[in-house]
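Residue numbers (full-length UniProt numbering), protein chains in the order written: chain R, 1 to 355; chain A, 1 to 355.
Read the hints as simulated data drawn from the structure, not as lab findings.
Treat the hints with care, since some could be wrong.
When chains are identical, the list treats them as one kind, so a pair holds in a single copy or across two.
[Stated by the list, open to error] Calculated cross-link-like contacts (lysine-lysine; reagent style DSBU-like; alpha-carbon spacing at most 30 Å):
no. : residue 1 : residue 2
1   : Lys-354   : Lys-253
2   : Lys-93    : Lys-206
3   : Lys-335   : Lys-202
4   : Lys-260   : Lys-11
Number of protein chains: 2
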Amino acid sequence: MALRHYTLDFKLSAAVDSSSTVPDLLSIFHEQEMTETVHETNGHGYLGTFVGKNGWLAILRVHSHGLVTVDLQCYEEDDFAQVDNLLNALESKLKVILNGLWLPALVRGAEVDRYWPTTDNRLVEYDMDQLVYEEDSAFQNIKILHSQQYGNALILDNDLNLAESDLAYTLAIMGSGRENYTGKEVLILGGGDGGILSEMVKQKPKMVTIVHIDQKVIDACKKYMRGTCGNILDNLKGDCYQILVEDCVPVLKKYVQEGKTFDYVINDLTAIPISMEPEEDSTWEFLRLILDLSIKVLHPSGKYLTQGNAENMTESLGLYEEQLGRLSCPVGFSKEVVCVPSYLEQWVFYSVWKK
Amino acid sequence: MALRHYTLDFKLSAAVDSSSTVPDLLSIFHEQEMTETVHETNGHGYLGTFVGKNGWLAILRVHSHGLVTVDLQCYEEDDFAQVDNLLNALESKLKVILNGLWLPALVRGAEVDRYWPTTDNRLVEYDMDQLVYEEDSAFQNIKILHSQQYGNALILDNDLNLAESDLAYTLAIMGSGRENYTGKEVLILGGGDGGILSEMVKQKPKMVTIVHIDQKVIDACKKYMRGTCGNILDNLKGDCYQILVEDCVPVLKKYVQEGKTFDYVINDLTAIPISMEPEEDSTWEFLRLILDLSIKVLHPSGKYLTQGNAENMTESLGLYEEQLGRLSCPVGFSKEVVCVPSYLEQWVFYSVWKK
């Protein structure tokens, strides 16, 4: 039984006497037969709480600087008309005073979580309506949630990775149509949702090797993210691809030792690194390690392609670009900002090459 | 002085005795020397409110079905470390019980409004940081807000119309690259931001006529939305275009009377119609009127292009498609879903042609 939390906010103009607005609003709560408590605020304006017999809680504050805030907590199952009447009554009393802001209710404690904040910590409500799958693997919590407009969405450790609507992500991390994969050797780190692989095989590459650590992610995507992977994950091996279910760090080290190189290395690992190697004890060290190993297995004329971060995370992006300047081999890079439908924030992608 | 409203929500597992969790949490508020009031809830669980000398308000509810909700209202200017300490203390006490949800704070009563709900009424927080321009014209309230990632955004009567990042909108309403405007006669209804015009003149059309009602919108966009319009709005008339600052309804009627036709009619009017004609007393009637007049001035082999609505507004989209079946002349149509960066919801665009 979820709680619906409504907020109504109004700013009083200087001309309005705030002490005269309170009695007007109080009458609305009294009509609902809610029990009133007036609190001592030590000079921080009027604060009244109102509790209904039905468990409703209303809070009215008239702050000393002229901001009026109203909160109403009721239950999802309550009569919506009754809730609406109360809020409309409040709004119409307050509207004569000044225009205000009535936000959509926060739904608290719902079965399916609809709030997945952006990387820069903004509150955004999704249209998720169903938990399709959830499991804890040896590496992470895996969830697949259904969204009305984005299809199924893969969420790893509470980080939204990709939804079925997000072909734009796949195309961007493949270089936005500027690269030609025909006849090429490609290494993909992560990429367990099969999105990149599914697009890439259309171009007839020589061999695509995916190194993904978590079999359970692959299995979940094979079943529930077919809008992203099509049928490509039905087999771990095909004419021009192989999926290795392994930690990518030892695999990369083996390739370095063997002197094996690739035309493209695509880093599609999740933002929060997962690895069992002891040396990667911080996000940045892991990132640097992967970058360094990737550049080592990159053919001199090859390209390293990766997602960066949200466009608003300017500090993190700056730090990442600093790392690019500290590799064992000098590199050049370009970046591009792309709108990935389900992300609700602009995302930066990088292309890196050896100088 | 804005209010920061934090919410922390936890679900108790059946195994946890809810009556034992309350004293544990109370101690945290007592340490802050907040004044406690315990409210009678008529069997709806525990409800305590806590008021600090600094004006802080905390609300602790343990609902009878095992949902624990904590609210904290403090001021934007308060010491962030102190706020964080309190919230962390609550979270760590609650975390031993069960995982919970700590959402980004709602900022209430801020100077710049960051909450612009989606068409399907979801709460989304934008990264708006500055009110660049605001004016009430004879027709509407015009605002231009600056967003960190979307550039300047045009907001008409509190409806986000377009941001400088939204070339995707312009390309979609022009037919996503499937149409060729070279040498063509084009009529644009609305379009005062200059986005379509700025793209279209690149293709050397014969003549583009824009009919836009509100000079103040054009002036604001000319100055503050140059990422969208470039310099095209600097002149109301050019070699291959003219901007008529008029109500489009009488203009359309005049064209019908004269028998004038266009290769393309692009309806870029705002979702909420503005017109001074008395016959359009409802949104749908206005919409039908515009549609009918537009189809009448459309060359038999021409195309009518328009934005529809959010993909999630399935009922509205269905009603719109019904209207298409009721025109004075039979039409065919196709639709496309496009991700417009600043919209934070998928948007539907229509192409309509005479059968």
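Results of checking the hints against the structure:
no.	hint	result
1	Lys-354 / Lys-253	within (19 Å within a copy, 63 Å between copies)
2	Lys-93 / Lys-206	neither (70 Å within a copy, 55 Å between copies)
3	Lys-335 / Lys-202	both (25 Å within a copy, 26 Å between copies)
4	Lys-260 / Lys-11	neither (66 Å within a copy, 51 Å between copies)
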